[in-house]
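Given next are the chains, with one letter for each unit.
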Amino acid sequence: DVVMTQTPVSLSVSLGGQTSISCRSSQSLVHSDGNTYLYWYLQKPGQSPQLLIYKVSNRFSGVPDRFSGSGSGTDFTLKISRVEPEDLGVYYCYQGTHYPNTFGAGTKLELK
Amino acid sequence: QVQLQQSGAELAKPGSSVKISCKASGYTFTSYYISWIKQTTGQGLEYIGYINTGSGGTNYNEKFKGKATLTVDKSSSTAFMQLSSLTPDDSAVYYCARSRILDYWGQGVMVTVSS
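These protein sequence lines map, in sequence, to chains A and B.
Quick note, the first sequence lines up with residues 80 to 191 if you use the numbering used here.
Quick note, the second sequence lines up with residues 116 to 230 if you use the numbering used here.
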């Protein structure tokens with residue numbers, strides 16, 4: 080199975096600040112169809128995960144432009160700018176290129 | 116709006132089975148697969164498998180073959196997952212989500228396996 084390694088495990092950020100989360104995969108996530116099926120989710124306390132970014136860099140419906148995704152191959156980054164209280168929780172990367180699909184272990188974003 | 120409404124929490128004894136449901140609304144049910152995900156504190160998020168809601172075809176993560184059985188009832192826009200031969204390791208929150216993109220999630224079902 081593809082191993083998704085997220086760093087750091089936790090982050091402290093000030094409101095209004097900027098931060099980034101890294102996700103590395105043990106294999107290239109470029110599919111034979113040319114797409115890269117790398118996604119980012121946020122799980123707020125007591126809630127289900129919610130989709131933020133799909134296929135590396137596309138914001139899902141309703142996701143503010145403070146969130147941006149980038150990367151290619153095996154290295155991916157989620158950047159969050161102008162952090163707001165609603166951004167706190169655990170962020171997960173997820174790959175859908177290789178079956179079974181797999182998740183990173185999560186990065187917990189907390190307030191400084 | 117797209118919604119996935121899951122059934123309630125389950126308390127089950129070791130060796131028994133549970134069947135949890137995921138009722139979809141707000142979109143054409145048979146146009147999207149339903150995926151199932153397991154979440155535990157120790158193992159994090161694990162992808163169990165998916166069901167083609169139109170054909171009923173399934174694809175399981177090898178790890179969950181023999182443990183999970185995915186079915187669907189198109190008439191009620193509901194997907195089901197049965198977990199069999201339960202052990203304490205099956206205690207977890209189980210989510211359904213739309214498609215393999217997991218763009219919408221159910222609220223989760225906590226399954227507790229205890230004697």
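Calculated directly from the structure, the hints in this document are not laboratory data.
Please note that the accuracy of each hint is not assured.
[Unchecked claim] Simulated crosslink set (SDA-like; lysine to any residue; CA at most 20 Å straight-line):
hint	chain 1	residue 1	chain 2	residue 2
1	A	Lys-134	B	Arg-215
2	B	Lys-180	B	Gln-197
3	A	Lys-187	B	Gln-158
4	B	Lys-178	A	Lys-134
5	B	Lys-138	B	Gly-169
6	B	Lys-138	B	Asn-167
7	B	Lys-138	A	Gln-126
8	B	Lys-180	A	Pro-179
9	A	Lys-123	B	Asn-167
10	A	Lys-187	B	Ser-199
11	A	Lys-123	B	Gly-159
12	B	Lys-180	B	Thr-155
13	B	Lys-178	A	His-177
14	A	Lys-134	B	Ser-214
15	A	Lys-123	B	Lys-178
16	A	Lys-187	B	Glu-161
17	B	Lys-182	A	Asp-80
18	B	Lys-180	A	Ser-111
19	A	Lys-123	B	Glu-161
20	B	Lys-180	A	Val-81
21	A	Lys-134	A	Gly-96
22	A	Lys-187	B	Gly-157
23	B	Lys-178	A	Pro-179
24	A	Lys-123	B	Lys-134
25	A	Lys-123	B	Tyr-142
26	A	Lys-123	B	Val-224
27	B	Lys-178	A	Val-82
28	B	Lys-178	A	Gln-126
29	A	Lys-187	B	Gln-197
30	A	Lys-123	B	Lys-182
31	A	Lys-134	A	Gly-95
Here is how each hint holds up against the structure:
1. At roughly 12 Å between alpha-carbon atoms, Lys-134 of chain A and Arg-215 of chain B fall within 20 Å of each other, so this suggested pair holds.
2. Under the criterion of a C-alpha separation no larger than 20 Å, the hint pairing Lys-180 of chain B with Gln-197 of chain B is consistent with the structure, at around 12 Å.
3. A C-alpha spacing of about 16 Å is found between Lys-187 of chain A and Gln-158 of chain B, which places the hinted pair at or below 20 Å, so the restraint holds.
4. Between the alpha carbons of Lys-178 of chain B and Lys-134 of chain A the distance comes to roughly 26 Å, so the proposed pair goes past 20 Å and is violated.
5. Taking the CA atoms of Lys-138 of chain B and Gly-169 of chain B, the gap is near 15 Å; set against the 20 Å cutoff, the hint holds.
6. At roughly 15 Å between alpha-carbon atoms, Lys-138 of chain B and Asn-167 of chain B fall within 20 Å of each other, so this suggested pair holds.
7. Distance hint between Lys-138 of chain B and Gln-126 of chain A is fulfilled; the C-alpha atoms sit about 18 Å from each other, no more than 20 Å.
8. A threshold of 20 Å between alpha carbons decides the hint, and for Lys-180 of chain B with Pro-179 of chain A the separation of about 12 Å falls inside it, so the pair holds.
9. A threshold of 20 Å between alpha carbons decides the hint, and for Lys-123 of chain A with Asn-167 of chain B the separation of about 29 Å lies outside it, so the pair is violated.
10. In summary, the hint linking Lys-187 of chain A to Ser-199 of chain B is not supported, as the alpha carbons are separated by about 33 Å, beyond the 20 Å threshold.
11. A threshold of 20 Å between alpha carbons decides the hint, and for Lys-123 of chain A with Gly-159 of chain B the separation of about 15 Å falls inside it, so the pair holds.
12. Simply put, Lys-180 of chain B and Thr-155 of chain B have alpha-carbon atoms about 18 Å apart, close enough for the 20 Å limit, and the pair holds.
13. For the hint pairing Lys-178 of chain B with His-177 of chain A, the CA-to-CA distance comes to about 15 Å; that is within 20 Å, so the pair holds.
14. Using a Cα cut-off of 20 Å, the hinted pair Lys-134 of chain A and Ser-214 of chain B holds, with the two alpha carbons roughly 14 Å apart.
15. Distance check on the hinted pair: Lys-123 of chain A and Lys-178 of chain B sit about 27 Å apart at the alpha-carbon level, beyond 20 Å; violated.
16. For the proposed pair Lys-187 of chain A and Glu-161 of chain B, the alpha carbon gap of about 18 Å is at most 20 Å, so the pair holds.
17. For the hint linking Lys-182 of chain B to Asp-80 of chain A, the alpha-carbon distance of about 19 Å falls within 20 Å, and the restraint holds.
18. Between Lys-180 of chain B and Ser-111 of chain A the CA atoms are separated by roughly 26 Å; this puts the pair beyond 20 Å, and the hint is violated.
19. The hinted pair formed by Lys-123 of chain A and Glu-161 of chain B meets the criterion: a straight-line CA distance of about 18 Å does not exceed 20 Å.
20. For the hint pairing Lys-180 of chain B with Val-81 of chain A, the CA-to-CA distance comes to about 18 Å; that is within 20 Å, so the pair holds.
21. Distance restraint check for Lys-134 of chain A and Gly-96 of chain A: the Cα-Cα separation of roughly 25 Å exceeds the 20 Å cut-off, and the hinted pair is therefore not satisfied.
22. For the given pair, Lys-187 of chain A sits about 15 Å from Gly-157 of chain B by alpha-carbon distance, which is consistent with the 20 Å threshold.
23. A C-alpha spacing of about 9 Å is found between Lys-178 of chain B and Pro-179 of chain A, which places the hinted pair at or below 20 Å, so the restraint holds.
24. For the given pair, Lys-123 of chain A sits about 27 Å from Lys-134 of chain B by alpha-carbon distance, which is inconsistent with the 20 Å threshold.
25. Under the criterion of a C-alpha separation no larger than 20 Å, the hint pairing Lys-123 of chain A with Tyr-142 of chain B is inconsistent with the structure, at around 25 Å.
26. Using a Cα cut-off of 20 Å, the hinted pair Lys-123 of chain A and Val-224 of chain B holds, with the two alpha carbons roughly 17 Å apart.
27. About 15 Å separates the Cα atoms of Lys-178 of chain B and Val-82 of chain A, which keeps this hinted pair within 20 Å; it holds.
28. Of the supplied pair hints, the one linking Lys-178 of chain B and Gln-126 of chain A is violated, its CA atoms being roughly 26 Å apart against a limit of 20 Å.
29. Of the pairs offered as hints, the one joining Lys-187 of chain A and Gln-197 of chain B is violated, with about 31 Å between alpha carbons and a cut-off of 20 Å exceeded.
30. Restraint check: the Cα-Cα separation between Lys-123 of chain A and Lys-182 of chain B comes to about 29 Å, which exceeds 20 Å; the hinted pair is violated.
31. A distance of roughly 27 Å separates the Cα atoms of Lys-134 of chain A and Gly-95 of chain A; the hinted pair therefore is violated under the 20 Å criterion.
Checked against the numbered hints listed earlier, the structure breaks hints 4, 9, 10, 15, 18, 21, 24, 25, 28, 29, 30 and 31; every other hint is satisfied.
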